[in-house]
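Starting from the known structure of chain A, fit chains B and C onto it as the hints suggest.
Each chain, written out:
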Amino acid sequence: MIEARHVTKKFKRVRAVDDLSFDLQAGGSLALWGSNGAGKTTLIRCLLGVFPAKGTIRLNGIDVSKKGKHARAMIGYVPQELAFHDDAKLGSAIRFFAKLRRVDVRQAAQSLALVGLSGHESKRVRDLSGGMKQRLALAIALIADPPIIVLDEPTSNLDSSGRGEVVDTLLRLRKQGKTMIFASHRPDEVITLADQVLVMEQGRLVQQTTPEVLWPSRSSIRSLRLFIEQGDEHHAAEILREGGFAVNHANIGLTVAIEQHRKAEPMNHLAARGIIVRDFELLRDVQQDDEPEHPVRTEPMSEVLR
Amino acid sequence: MRLPVISILATLMLTVPCAAGAPASEIQRLIDEATPGSVIEPSPGIYEGSLRITKSITLDGQGKVTIDAGGEGSVIEIAAEHVTLRGLIITGSDKSVSGESAGIKANTGPVTIENNRITDVYFGIDLKQSPGSIIRNNTIIGKELELGRRGDGIRLWWSHACIIEHNTILNSRDMVFWYSEDLMIQNNAVRESRYGLHFMYSHNTTVRENHLTGNSVGIYLMYSNSIHLLENQIDNNRGTSGYGIGLKDCDDIKVVSNLLAANRVGIYIDNSPSSADSTGLIHANKIAFNEVGLLATPNTHDNTIYDNGFIENEEQVSVHGGGQLFLNQFAGPDRGNFWSDYNGFDRDHDGLGEFAYEPRSLFRTMLAREPNLRLFVHSPAQQAIELTARAFPELDPDPMLSDPKPLVLPPRFELDTIEAGPGGFRMGILSIGLILSSLFVMIRLTVEREISAHPGAPRHD
Amino acid sequence: MSTINLNGTAHHPRNQSTATVAYLSFARSIMLIARREFRDALSSKWFLLYTIAFTTLAIGVSFMSLAGSGEHGFAGFGKTAAGLLNLIMLVVPLMALTAGAGTIAGERERGTLLYLLAQPLSRTELLLGKYVGLAIALICSLCIGFGLSAGLLAWRAGGVGAGSFLMLVVFTSVLALSMLALGVLISVQSRRAGVATGIALFVWLGLVFLSDLGLMAGTLLFKLRVQEVFALAIINPLQAFKMNVIINLNASLDVLGPVGMYASQEYGATLPWLLTGVIVLWCVLPLSIATLIFRKRGGI
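Protein chains in written order, with the working numbering: chain A, 1 to 306; chain B, 1 to 461; chain C, 1 to 300.
Read the hints as simulated data drawn from the structure, not as lab findings. Positions of the beta carbon are idealized from the N, C-alpha and C atoms, including for glycine. Do not take every clue at face value.
Stated by the list, open to error - Derived coverage of chain C by chain A (criterion: at least 3 residues anywhere in the stretch with Cβ under 8 Å from a Cβ of chain A; other residues may be distant): (1) 31-41; (2) 119-125; (3) 177-186; (4) 288-300.
Stated by the list, open to error - Computed list of chain A residues with no C-beta within reach of chain C, every gap over 12 Å: (5) Ser21; (6) Ile239; (7) Arg241; (8) Arg262.
Isolated chain A, as found in the complex:
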């Protein structure tokens, strides 16, 4: 269904996506895992044909760079945060996209019902809550029942209840057999929705694996930040990956997603290979691995996500 070969996208001198290849079967679900700046969003935009990239991306055999419009007709796209004209009313916005995809406007109503937005048609986009906006984005993505859904951190701006709703909807779509690619920070989402994970770092594919390998147990995943001597960080990340840990080489330290009851294992793994962990912290929320200024070391276990 999706076939990416040597995809490379440079911004000036920075390679945002660097020689990345992967395949995804129809009905499969692929998570893009990586820290901010790993190139997830750029890769998604390349998939959509919004960024021209070197290499080839084919969706169902259609080359995105040559027939972008046809390729995009197969994709429902959900951005991180819906950016649509704020003055537009919800109803007219969705009708616009229905017409854009040449589906009956009745489909728009159905699509809204699917995400639970029926009855809000006369609200303006600017007055919607974050969750509603995201559900609207989902409704727009689903309007023409496209075979592929592409989501760029669809829950990052949502609170936990909103997040749950979106994940539930996506799970339903998954069961309907949609092919899905999504970027995520959240191990729980990856575990729930993905059957494959691409681990990306600085634009490169560092590991193509499954959630089960990264997180054998589906419960109690926490983010652990390890502080190691600067020069060793890269090496340490590789060692951890080889050991089957889900690692992000973030700006500061290494972030490891780890089950609640195995938190010491990465440190031991590193120690056994001669790398000393200077310090560690347990992040309050996996989402905040890019905000190390406010680490919360101790947290009640009850906050663990579903």
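Coordinates of chains B and C only, in the frame set by chain A:
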């Protein structure tokens, strides 16, 4: 006319056939056989060929006799005094420039030519050494050739004391007067020709109530003195020079009570008066909506210009090649001119502005120096230049003239007859149409139909 | 272009519901975007402002010029036409350039461009759709202004004929289209709406004042010949527009002095077409370049 010979007339009526396409020689025979002073009235019809009149007769077609020379030579040549041509339709002279053929040609005066219709000819009426002639109420229509290849509608050559009135000339070159004095030229209309009236070395003439419109130039006087231009209506003369009235090296010219509208240049003065002791008068004319109201060469002097209305000319006065017009008086003894762009006031209610009219325009000054810059009129850049001149007074040029007693209200004019276009109704329709159609588009594109009405287009399952 | 039938691709077995993506025609996409753009424009402040400003000025100019000529019952080329011409050359390029400049750059700045580009929509469709929508909005705005001032002229029964006035509306619309295209070109190149507007203002200044003043200086300094002045002048679409309007009102360019007469004599009846060609070129060329840049450069 003095000796109408009824019996001869009766005979003629019998002998001339009525059929179309008869040879003109039949009329020629009548002329040759007629006694001087007789009146010949050919039967109505078309006669092919040309005529030569060698005795003092009257040829009267009563509007029903056509003489068609078929494109060879002149149609009627007059070689006798006291010939009258009346009520003829004259057509088809040779049209080559070298032949100087004409509808009617006369070499001896005086002749009377009236009520004829002359078409498809090189010259219309060409009189040489025919003083005392009368040309009245003729219609002359030239061919629509380029200006340079046309002949003159009426030409006088060494023919003094002629009367030329109530003629209409269309599509010809000029109505031109060479070396002909003491003429009376009135109530003629010249349209779509080169020079409406053209004077060459022809003096002492009154030109009154003529209507000259759509020509290259309305009236052009050259080297002609003591001409009185009175109550002529001269509009839309917009050829290469495009003068309403042009004066070149003429002394003692009076331009009074004319209407000069929508010409390129209302009045053009080139070295007139040319003699040191002569003067010119431009008085009580309405000079309106021309590109330039009055254009004069800088050496122009001793013209008295007053009681005129300079109304909404793009440029009221301009000096050809730059300079000033201080050698002329833009005011009479007690009053000046009305200038529509005068922005003074009349405090003491004497009808005169409290300070002089002294137009200055940096752009106009530049224009006078470089005529090509006229391309930039009607553009914001022109305004920018004027504004700059206002802001920096050192850039502001000297005024080109001074009218010390400008009128604050336009004078009443003898001629003020051109009506506004009847555009009101159509303009109203246009107005409503424009507004309604834009509203329609707005509503049509804004109001959304709730359910798409494109059958077949949505294919979704 | 054909229907993409996801079922028909045999080597990609699928297990989901059958979905047929309809043929997404070029024209319909453009009209859809155009409609949205038009609606956005109508509800925006600039549209209201421009319409009110243009209408007020047009009526004002008509009124003031009628005050002079109406009482005398005659107008030649007339102050009305001259005044309107001046106003149009000043205001219409400003309206169209800034409207065009805001369009893509604005979406880019608000982040809405990405979302549109992620839809089954080609960049050409998006750009042309926006252009068409704005063009219709601008022309509507102009028609309201012209319509009301035509109403005033009709009421006061003066000046220019209805046919000439209609042609003035047509020529002005074409001018607005070309300036809009130029604005869109600026917009495509700009990251931020503010920058785009700034560039648009500079281009406006250049077209309305600087190029004419420069050419005047050139004419004075180098004593350019008429054909040179003419050739240089008509490069500026505003000059071409002005000449076209004057020919339409006047049948000849003699109002514009030796250069105008040269043009009238040299080109005769083809002159209006030549001038229209210049303006249309100013419309097609920037729009094509904008489309090419927008397509080739990619990104958002």
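Here is how each hint holds up against the structure:
1. 31-41: holds (count 3)
2. 119-125: holds (count 5)
3. 177-186: Result for this restraint: violated, n = 0.
4. 288-300: holds (count 3)
5. Ser21: holds (18 Å)
6. Ile239: Answer for isoleucine 239/A: holds, closest chain C Cβ roughly 37 Å.
7. Arg241: holds (31 Å)
8. Arg262: It holds; arginine 262/A is separated from chain C by about 36 Å at its closest Cβ, greater than 12 Å.
When the structure is compared with the earlier hints, a violation turns up for hint 3 alone.
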